[in-house]
Structure formats: structure tokens, C-alpha cells
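Participant: Chains A and B supply the protein sequences, listed in that same order.
Just so it is clear: in the first sequence, position 56 is 94 by the numbering used here, and no numbers are missing.
Just so it is clear: in the second sequence, position 127 is 771 by the numbering used here, and no numbers are missing.
Keep in mind the hints are simulated off the structure, nothing from the lab.
A few of these clues could be false.
What the hints assert, rightly or not - Each pair of labels, with its calculated beta carbon distance range:
1) A/319 / B/865: 30 to 40 angstroms
2) B/761 / A/150: 52 to 62 angstroms
3) A/172 / B/718: 22 to 32 angstroms
4) B/742 / A/126: 53 to 63 angstroms
5) A/321 / B/761: 21 to 31 angstroms
As the list claims (entries may be wrong) - Residues of chain A placed beyond 12 angstroms of chain B at every Cβ, according to the derived structure:
6) 154
7) 260
8) 342
Computed from a predicted model, the values in this text were never measured in an experiment.
Beta carbons are placed, not taken as given, at the ideal position from N, Cα and C, and that holds for glycine.
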Amino acid sequence: MKSRIIFRIFLFLIFAAGIIYLYLSFRSPTSYIVAQVRFPRLMLTFICGFILGGVGSVYQIMLNNPLAEPYILGVSSGAALGGVVAIILGLYLLIPLFAFIGALILILIVWYLAQIGGFFSSTKLLLSGIIAGMFCSALISLLLYLNQEEIGSIIGILMGNLGHIFSVQEWEVFRIIIVGSLLLMFYLYTLSDKLNILTSGDLIASSLGIEVRQLRRRVFIISSILVGVTVAYAGIIGFVGLLVPHIIRMLFGNDQRKVFLLSSFGGAIFLVFCDFLAMHLTAIEIPVGVITAFIGCPFFIYCFARNR
Amino acid sequence: MRMIVLILGLVLLFSCSIEQNEESSPRYVVTSPEVGEIIYALQGAANIVGVTTEVSYPEELAVLPKVGEFGTVSREKIIALRPTIVFTSGLEQKMLAQDLNKAGIETVMIYPQSFTELLAGIREIATHLDIEERGIAYADSLQQQIEDLRYTGQQRPRVYLEIYGTPIMSVSSNSFIGEIVELAGGNNIFDTLPRDYSRVRAEDVINNDPEIIIITYPGVTPEGIRSRKGWQNIKACQEDRIYGIEDIDPDIILRAGPRITDGIITLKRLFHEQ
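Work the whole structure out from these sequences, hints included.
Facilitator: Next comes the structure, spelled out in C-alpha cells:
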């Protein structure tokens with residue numbers, strides 16, 4: 039069993055190395071292009087997939103719901119709304135900033151809603167997140183309807199667009215964001231043991247000395263900030279955060295420490311692979327969210343059928 | 645007695661409908677900016693009774709009653725204007741035309757995608773305005789003007805035309821605006837694209853090293869283009885030949901209308917002034 043898992047990880051590493059090499063070298067670009075255009079895009083894609091995969095695995099446990107995914111608590115809609123507002127105001131360069139502010143405002147609203155009535159529970163968190171998200175989606179639809187000339191940018195946010203063009207200064211900022219995100223992801227990783235216990239139920243977890251509510255709050259805030267970063271730069275990319283953790287659990291078991299690490303790296307490589315296809319499969323780039331679903335769904339069904 | 649009232653009523657109704665039919669001067673509603681400009685150039689603008697907010701040129705048309713925006717035209721407002729013909733465009737307005745046809749209103753779709761289609765569009769509009777001769781003469785003279793303006797020199801700078809920024813989009817030489825670039829003596833770096841208006845890759849822009857960059861949308865400055873990662877080595881960025889909407893009114897190159905001549909003259913000046 040152990041050797042089988044090591045073999046699977048070995049296969050994964052070979053695939054990862056191959057796809058990253060292909061991503062950077064396809065159609066033999068000059069080294070200038072690799073350094074200035076392809077590498078930044080690779081970093082953006084990698085960090086988005088890394089966050090979405092890892093946060094997805096955490097949310098499924100934290101909300102005790104296999105359908106949970108990084109966007110379920112509405113943060114993505116808040117971020118998307120912020121981005122759409124920036125587009126409509128004509129402030130294209132500030133889209134990431136507006137999106138991130140949108141995400142933060144939504145986190146505060148959901149946070150507040152989930153505490154109404156004096157206590158904080160996962161059901162209330164889920165409902166507040168979904169309601170706030172729906173409200174933002176309705177606002178986005180309205181703005182989309184009233185500003186049809188901006189449909190291209192808005193679709194980029196709603197369907198995922200990893201082709202964000204960085205300015206030189208923006209790239210400096212983004213490098214700091216990458217480091218910050220990795221630190222937050224590491225913190226989420228350190229919570230894995232507690233989350234493992236949480237899978238046996240809130241009651242058992244509390245009896246073992248875990249502050250369940252405080253844990254949920256922490257996970258919610260940190261994950262939401264991370265998801266806000268991805269939507270700010272790359273829009274909403276579905277399926278990564280939902281499918282990758284499930285596939286990892288089917289292949290490698292349920293230990294959250296392992297699942298978190300593998301989901302993060304798996305999500306990153308999966309997204310790099312999908313973005314590579316999105317760029318080169320057809321003459322015109324396809325929104326990456328379409329590819330993640332096209333590849334993810336059949337693969338999910340395959341794993342599901344094998345594991346039954 | 646009842647019978648007489650009924651007959652009187654019917655006669656009255658009939659005479660009313662005759663009165664309506666007698667109102668003879670045509671009434672046009674125009675929902676596409678380029679068609680507005682063409683009708684104006686054909687001296688038929690006096691009969692236009694309604695426009696969309698995008699119909700902004702010339703001033704005489706911009707002040708007319710509005711029937712909505714390009715993508716959200718109010719059917720009710722059009723019907724209320726009792727038009728004889730509604731001139732529509734393509735894209736979202738195909739649905740509009742269908743709806744109006746169901747309501748028994750005649751529509752004419754004019755959506756020129758190239759210079760040849762513009763000339764054909766002018767003739768078609770003139771036919772519907774009952775000034776066919778004038779239309780043919782005007783189309784011929786426009787064609788002659790364009791031929792006279794066509795750049796014939798050898799210096800054809802490489803041009804990158806950006807019509808949208810997130811994601812970046814450009815045009816092929818099959819598009820109307822691409823044709824204008826070629827007529828003005830520019831060498832479009834994306835002359836062949838899978839679609840007339842298409843998303844492009846940043847690395848292809850950098851590889852093709854354009855000498856001139858034209859931006860046709862608001863919200864971005866030449867500094868913004870220059871500061872894009874990896875774009876500093878592009879010749880247009882180094883030689884400061886990035887032109888935005890302050891340098892060229894996007895309407896004169898994006899609209900397939902009579903101001904195509906202004907578009908060619910302005911682009912020629914930008915391409916060959918140095």
C-alpha cells in the first residue's frame with residue numbers, strides 16, 4: 039500500500055515537471071518572453087490552483103459538506119462585484135484592488151450574519167455565505183445588463199482569466215502577495231490535525247479540547263482572504279477546489295495533513311495543465327473555467343467508478 | 645336605431661384609419677450609429693424621428709428622441725414613434741428586428757463589416773430612402789476618395805491596434821478597422837487572426853515588435869502600456885509612439901461610416917509623420 043502511494047506521488051511529480059516544462063517552452067519562445075511573460079503567468083496560475091485546491095479541502099471538512107468549495111461562502115461573488123465595479127468606473131488597472139476590497143467587505147458581512155442570534159455555527163455560516171453571494175451575483179447581473187459594452191472584461195472575471203497582464207510595479211507587489219499567501223497556506227496546514235479531529239463531529243472535537251467555533255472562524259477568515267486574492271487576479275475558476283480534494287482523497291486516503299498538501303500541489307498542477315490547454319488548444323484562448331470542468335468532470339467520474 | 649349607431653360608428657372608425665394612412669412623410673428610427681451617419685450624409689436625416697444613445701454624431705442626430713441603448717432598445721418607445729422603417733444593426737439587434745417584424749414594422753439591417761459592405765450598405769439605405777441615384781453617386785464618390793487617399797509608399801510601419809484591454813484584443817485585416825490601417829499604410833502585426841476581432845497573446849505582441857501602438861478604448865494611458873511587464877523593449881514603447889483616444893477619435897476608425905476618410909487621414913498622419 040505504502041509503495042503504491044509513493045509510486046503515485048512519483049508519477050505525479052514527473053507529470054508536474056513535464057507540464058511546467060511544456061508550459062514555459064511550448065512554441066520555443068525567446069528567453070526574454072519566458073522570463074517576462076510566461077513565468078509571471080505560470081506563477082499566477084500555480085498560486086491560484088494551490089490556494090483553490092488547498093482551501094477546497096479545508097472547506098469540505100470545516101463545513102462538514104462534500105459539496106463545499108472555495109467559492110461557496112460567497113467571497114468570490116464579493117470579489118467579482120468589486121472587480122466589475124472597477125471595470126465600470128473605467129479603472130482597469132485597479133481591478134485586483136477593487137476585487138480584493140469587495141472580498142473583504144463580503145467577509146465582514148458574512149461574518150456578521152453568521153453571528154446573528156449569538157452563536158456561530160457551520161450551518162449559519164453556509165447559509166449566510168450563500169445568501170450574500172447570491173445577492174452579489176444579482177448585482178453583477180444587473181451591472182452586466184446595464185453595461186454590455188464591458189462584457190469582455192466581466193466575462194473574464196466570471197469565467198476565469200489567467201492572462202492578467204502585470205505592470206512592472208504590480209509584479210513587485212504580486213511577489214509579496216505570493217509570499218504572504220504561502221505563509222497563510224502554511225498556517226492552514228498547521229490546523230490540519232484539528233480539522234482531522236473535527237471530522238468525527240463537533241461534540242467529540244470539543245470534548246478533546248478544541249475550540250470548534252474559534253477554529254471555524256479562523257479558517258473562514260484566512261481562507262476567504264486567500265480566495266479573494268485568486269479572484270482578484272484570475273477571476274472565478276470553478277471545479278479546482280471541488281474536484282481536486284475529492285480525487286486526492288480517493289487516491290491517497292482521508293488524513294487531512296496529506297490531503298491538504300496534495301490538494302494544494304495537485305490543484306496547482308491541474309490548473310497549470312488546464313491553462314496550457316486553454317491557451318493552445320484552439321487558435322483563440324478559451325476561458326480556463328471551461329477547461330477545468332471539461333477535464334475535471336470525466337476524471338472525477340473515472341476515479342469515482344474505480345474506487346467504488 | 646341600434647343598427648344606425650353601429651353603421652355610424654364603423655364609418656367613423658374607417659375614416660379615422662384613412663386619416664392615419666394619409667400621413668405620408670416617412671418616419672425612420674435608427675438604432676445603429678454608422679447608419680445614422682450614412683443617412684445624414686445622404687441628406688435624409690430630416691425624416692429620422694428616433695435614435696439610440698450611441699448615435700452621437702452629428703449633433704443634429706444626437707439631440708433626437710432616444711429609444712434606448714444599442715443593446716437595450718425599448719420596443720415600446722419605437723412602436724410609439726410610429727416608424728415606417730427601423731434601421732437596425734447586427735449582434736444583439738437581430739432579436740430586436742425580429743420583435744419589430746412581429747409587430748408589423750418594417751426593419752432594415754445594415755451591419756457593414758468591410759469597406760465593400762459599407763458601399764453596398766450606402767446603396768441599400770438610399771434605395772429604402774427612395775434616393776437611389778444619390779446613393780449610387782455618393783458611394784462612387786466615397787470609393788474614389790478612398791482610392792485617392794490610399795497610401796502607396798514603401799514605408800509601412802508595423803502597427804499593433806488594441807481595441808480592448810482585459811483581455812487584450814486586436815483586429816485582423818479582414819475587419820473594417822484593419823482595412824483602414826492597411827489603407828493608411830500600416831502593416832497590421834495581426835493581419836491574420838481566427839476572427840476579425842480576437843483575443844491575442846501578449847507574447848505575440850512582444851515578438852512582433854510593433855513600431856506603432858494604437859489604443860481605441862478609454863481608461864488606459866501610454867504610460868500604462870509602457871509599464872506592462874516585458875513591453876519595455878517594444879519599439880513603439882521606446883520611441884514613444886503609442887496613440888490613445890486623445891490622438892485619434894475611435895469613432896472614426898471603429899464605425900463603418902462616411903467618416904472613414906477622416907480615419908484614414910488621421911492614421912496616415914500618425915504612421916508617416918516622422
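Participant: Hint by hint, say whether it matches the structure.
Facilitator: Hints versus structure:
Restraint check, residue 319 of chain A to residue 865 of chain B: a C-beta distance of roughly 34 angstroms satisfies the suggested window 30 to 40 angstroms. Separation of residue 761 of chain B from residue 150 of chain A is about 57 angstroms and conforms to the stated range, judged on CB atoms against 52 to 62 angstroms. The hint said 22 to 32 angstroms for the Cβ distance between residue 172 of chain A and residue 718 of chain B, and at roughly 29 angstroms that hint holds. Checked against the given bound of 53 to 63 angstroms, the beta carbons of residue 742 of chain B and residue 126 of chain A, roughly 29 angstroms apart, lie outside it.
Between residue 321 of chain A and residue 761 of chain B the beta carbons are some 24 angstroms apart, a value that agrees with the proposed interval 21 to 31 angstroms. For residue 154 of chain A, the shortest C-beta to C-beta distance to chain B comes to about 38 angstroms, beyond the 12 angstroms cut-off, and the non-interface label holds. For residue 260 of chain A, the requirement that its beta carbon stay farther than 12 angstroms from each beta carbon of chain B is met, with the minimum near 28 angstroms. Every C-beta of chain B lies more than 12 angstroms from that of residue 342 of chain A, the closest at about 35 angstroms, which supports listing it as non-interface.
Violated hint for the displayed structure: number 4, the only one.
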